[in-house]
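J.: All chains should be built: construct the whole structure from the sequences, respecting the hints.
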Amino acid sequence: MDRISNIYFIPTPIGNMKDITLRALEVLAKSDIIYCEDTRNSLNLLKFHNINTKLVSYHKFNESERVEEIINNIEDGKIVSVISDAGMPIINDPGFVILQEVIKRDISYEILPGACALINGICGSGFDSTSFVYMGFVPKTDSERKKYFQSFKNMNVTGIFYESPHRLLKTLKFLYSLFGNINICVCRELTKLFEEYKRGCLEEIISYYSEKGVKGEIVLIIEKISEEKEDVDIKKEILNLKDDRYSNKDIVKILKNNFNISKNEAYELVLNLENEEGK
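So in numbering that gives the first Met the number 0, spot 207 of the sequence shown is number 206, and the numbers just go up one at a time.
These are calculated hints, taken from the structure and not from any lab test. Hints may be right or wrong, so weigh each one.
30 Å max Cα-Cα, derived DSS-like pairs, lysine-lysine [said to hold, decoys possible]:
1. Lys169 / Lys146
2. Lys262 / Lys214
3. Lys223 / Lys255
4. Lys152 / Lys255
5. Lys234 / Lys214
6. Lys145 / Lys17
7. Lys59 / Lys146
8. Lys234 / Lys152
9. Lys59 / Lys17
10. Lys146 / Lys77
11. Lys152 / Lys169
12. Lys59 / Lys214
As the structure is a computational prediction, the values presented were derived from the model and not from experiment.
T.: Okay, here's the thing in structure tokens:
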């Protein structure tokens, strides 16, 4: 027999209306109130599954105000559910503030399993999933993004990121300037009609989306950046720059900017490669 809680946090489909568990539908139907981001969006889901529970808006702009109301409803014996427009509440969606409060007040709660775009993304990418990190939405400014992606690189794991389709190409080019031609997977429109997993090196993916354009929800997966892989990319970059007749001084500047290494490290790499080539 299922245990009975006072409040449930329930994931909703990220695209396909059928991607919701039987238990989630059961709890939504027996709830007295469902708090949701957008009542119009959530009404479509409830209608699809013939559920008539009352909907009340609960989003990032009124989250703090709703907390006492939700607590009062729970204390009045009502069963409350919290959902987001798509996916798991709390992960980049409302829910965290109320969860903190119910924990603080020792109120019984449950997190139901279900749809979550970052999990579909890491599984569908084909990259190593034994260890990975989810880092949320990519920052908008170059200075913030540089720190953000550099901190990811130092973790030495596969990375999961959310990005807007309007900024995807800019972000991919920025990644190329930081790390060279690393491997990524762009997961687009997950569980929807035009679902796509586009996997390859940055040059290939940038070329593909520059021609095709980018639409839909995006999960960006970056393969673990190993030092060995980066060394190969740096050597390739040095050889390409030498073929283009860049001076060692200019090559050092480019390596310093593109691979986030020191001037001395860049000089050493250039000289070492020259010695290897001279043998």
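J.: Run the structure past the numbered hints and jot down the numbers of the failing ones, going up.
T.: 2, 5, 6 and 10
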